[in-house]
Amino acid sequence: MTSKILLVEDDPELGKQILDSLHAEGFELLWLRDGNAAMQIDPAVFELIILDLMLPGTYGLDILKQIRDTSDVPVLILSARNETADKVRALELGADDFVTKPFWPEELLARLHARLRRPALQRNGRIELGELVIDTSGRQVTLSNSKVELTRVEFDLLASLAKRAGAAVSRTWLVDHVLDPDREGGVRTLDVHMSRLRKKLGAYGKIVSTVWGVGYRLEPEKVTQAKEA
Amino acid sequence: MNLRPKLALTIIAIAIPLVIAVEFMRSSWYERSKRERRAQTVEALSELLTTRFEEGNEITRVDRESWRWGGIGALTRRGTRGGRRVRNQLVASAIWAYDIGFGSDNTQAPPFPADLRQALKKTKSTAHVWRAPSEPMSEREFNDRVWRGMYRRGLNPPPRRGPVTPGPKPRLEFAMMTSDDDGPAAVIYVTGWLNEQERDTTWWWLSYALSGAFLIVALLAAGPIVHRIRQLTDEVGGSAHEDYTLAVQQKGSDEIARLAGAFNKAGTNIRQQMDRVAASEAALRRFVANTTHDVMIPLTVLQGHLTNLRTKLRVGEDDEARGVLSAASMEAHYLGSILSNLSAVSKLEGADYEIRNDPVDLVGLVERVVQRHKTIANTRSISIDYGVPPHDAHALGDVTLLEQAVSNITHNAVRYNEAGGNVGLILDVVDDAKRFRLRVIDDGPGISEEELAKLPERRFRGDEARTRNPDGLGLGLHIARDVADKHGFEFTLRHSEYDGLEVEFAGPLARA
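Chains W and B, in that order, are what the protein sequence lines are. Numbering that gives the first Met the number 0 puts the first residue of the first sequence at 0, with every later residue one more than the last. Numbering that gives the first Met the number 0 puts the first residue of the second sequence at 0, with every later residue one more than the last.
By construction, these hints were calculated from the structure, which means they are not laboratory data. The reader is advised that the hints may include incorrect statements.
[What the hints assert, rightly or not] In the DSS-like style, the derived pairs of lysine-lysine whose C-alpha atoms are separated by at most 27 angstroms in a straight line are: (1) W:Lys162 with B:Lys373; (2) W:Lys15 with W:Lys100; (3) W:Lys100 with B:Lys485; (4) W:Lys221 with B:Lys373; (5) W:Lys3 with B:Lys485; (6) W:Lys226 with W:Lys205; (7) B:Lys373 with W:Lys100; (8) W:Lys162 with B:Lys433; (9) W:Lys205 with W:Lys146; (10) W:Lys15 with B:Lys485; (11) W:Lys162 with W:Lys226; (12) W:Lys205 with B:Lys373.
None of the values given here were measured: they were computed from a predicted structure.
With the sequences and hints as input, model every part of the structure.
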């Protein structure tokens with residue numbers, strides 16, 4: 000499903016660049032160059048609005064206020080002024096994010112994706128990743144319908160990563176929240192547990208990747224690789 | 000208007016009612032004494048005449064010599080029984096006798112005044128009238144007349160010198176009915192001048208003297224005060240001229256001294272403000288100068304890269320083109336970071352910049368910083384990743400400065416690393432969710448022990464830290480340290496477990 004995005008930007012070069020990079024990502028875009036035109040639109044039509052604050056003739060914040068009057072659509076503010084006061088004010092008025100110029104096109108895209116990200120669907124505490132099914136309420140893991148024997152720690156580690164699939168979880172967090180507090184265990188112990196977990200998952204162990212310096216991450220996109228194996 | 004004229008006017012304004020009041024009191028006192036004086040004279044005269052005509056035998060004499068009895072001076076002539084009191088009070092007096100029809104046997108007697116006649120008819124005993132003050136005859140004239148009168152009678156009187164005070168006097172006309180009803184002395188008529196100038200001159204000068212005295216005393220007292228105020232004015236003017244670096248004298252502890260003290264305080268305040276403004280202006284000027292310089296160079300380099308790129312692509316040297324592109328991207332990235340850093344510097348160096356105390360979303364901050372540097376990291380084949388807690392984590396401060404600080408560290412981590420290297424940003428919540436720890440770890444070259452040791456001593460000096468210095472500690476690191484200090488966060492550099500650098504920011508979390 001293509002997302003319809005509104006861009007309110009007066010600079011022709013910058014606007015064209017944003018238009019091109021968003022199109023390349025598969026977004027549908029409406030580009031308004033004028034603040035007054037932006038006041039006329041109905042925000043309900045859009046999934047996300049990118050709003051430049053410095054528009055000639057109109058206050059970007061006024062447009063933001065008007066949008067917020069009728070809609071909760073995510074609004075991303077673009078501004079050349081890197082002033083904390085502006086950011087705080089914009090956030091107070093209901094903006095969701097603030098991108099200061101200069102920015103890389105990838106930066107803008109990453110922010111867009113973060114705003115448009117759908118929360119992970121968890122029905123009945125069941126997380127399905129290909130053949131791997133994690134039942135968080137029943138505390139059971141099955142791989143191709145056969146049960147995988149995991150220790151308490153190993154299950155908790157997997158569940159923590161799965162609940163935040165795609166995001167890296169720091170070692171410190173895992174040590175503090177998953178490992179047994181009574182037992183002396185630090186980062187080394189954690190690494191040992193993780194390596195055992197991976198072994199038990201077999202080919203699906205690949206979906207648990209090590210994030211350098213940070214910790215671990217469950218990467219659902221690696222499921223296809225695991226399947227092929 | 001100046002103080003002394005104002006003071007004078009005030010005193011005059013007070014004096015006028017005072018003068019009027021004193022005048023009023025004085026003249027009513029005077030009026031009273033005048034009335035008393037006149038009443039005394041009338042009484043004395045009445046007594047005298049009664050003694051002479053009722054109790055004495057003057058009537059007999061009048062009967063005998065009625066054609067020549069009486070005249071000027073006859074009332075108080077020596078030898079007559081004129082009371083000394085009357086003699087002193089009534090001057091140039093004359094006495095005449097009239098019968099019941101108000102006619103006199105003495106041809107020299109003046110006609111009997113009509114109003115007196117009316118009055119006498121009413122009272123049937125005595126009556127008197129006071130006439131308006133006028134000059135009595137001169138002493139000499141009087142003496143002439145008396146002398147002539149006496150001379151005519153064949154007498155030789157010595158000149159009479161009465162204590163005649165100069166000036167207009169009121170004239171008394173007094174009439175008394177005697178028991179000599181059908182004789183020539185039925186009515187005795189006396190006229191004379193009151194020997195007192197009824198000019199309201201007593202103590203007339205009192206109120207004016209008092210007011211004058213007040214005025215003079217006040218103006219004299221004002222003298223030193225006015226002088227001190229003028230002196231203070233001069234000193235204030237002098238101090239202002241010297242940009243308030245001079246303090247004014249504070250002598251004593253009265254209001255003027257306190258005014259001097261207040262002025263000194265105000266002057267100190269102004270000096271401080273001026274210093275702050277001057278510092279801000281200086282910082283601004285430096286900023287503008289630095290920006291121009293620091294931006295032009297990378298821009299030029301960037302332009303060079305782009306031209307080079309165009310050339311390489313034109314001749315098909317795609318591989319080299321890619322390298323140039325990577326360098327161009329770095330330059331553009333560097334440009335952006337310079338501008339942000341210069342803005343941060345101008346805030347940090349500004350005399351009156353106060354650190355904000357808004358809640359800063361640390362999770363969002365880490366995400367943004369990594370996204371910011373991902374492009375360049377990818378260009379250089381360096382991996383960059385981050386880990387954050389599954390919940391919000393907020394600290395209090397300035398989001399722009401904090402983001403710039405973390406971004407600077409990350410920028411360095413990427414810049415000084417090589418292809419295949421790694422950078423990681425980890426945000427942890429520790430100490431029972433009371434504190435945060437934000438670490439930037441890399442496996443780059445790190446910082447030597449000596450440089451690490453130098454870091455605390457070396458204060459940030461804008462100019463020399465601004466130029467790119469691949470070996471030394473650059474602007475970005477100093478800004479990061481400054482920002483951490485201003486926020487009260489801990490800022491630690493150490494060797495990472497991966498043989499590179501680990502930079503840690505730590506501080507309290509804001510209460511939710």
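Results for each hint:
1. W:Lys162 with B:Lys373: 25 angstroms, holds
2. W:Lys15 with W:Lys100: 15 angstroms, holds
3. W:Lys100 with B:Lys485: 25 angstroms, holds
4. W:Lys221 with B:Lys373: With Cα atoms ~21 angstroms apart, Lys221 of chain W and Lys373 of chain B stay inside 27 angstroms; holds.
5. W:Lys3 with B:Lys485: 43 angstroms, violated
6. W:Lys226 with W:Lys205: This hinted pair holds, its Cα atoms lying about 10 angstroms apart.
7. B:Lys373 with W:Lys100: Roughly 16 angstroms separates the two Cα atoms, so the pair holds.
8. W:Lys162 with B:Lys433: 24 angstroms, holds
9. W:Lys205 with W:Lys146: 18 angstroms, holds
10. W:Lys15 with B:Lys485: This hinted pair is violated, its Cα atoms lying about 40 angstroms apart.
11. W:Lys162 with W:Lys226: 21 angstroms, holds
12. W:Lys205 with B:Lys373: With Cα atoms ~24 angstroms apart, Lys205 of chain W and Lys373 of chain B stay inside 27 angstroms; holds.
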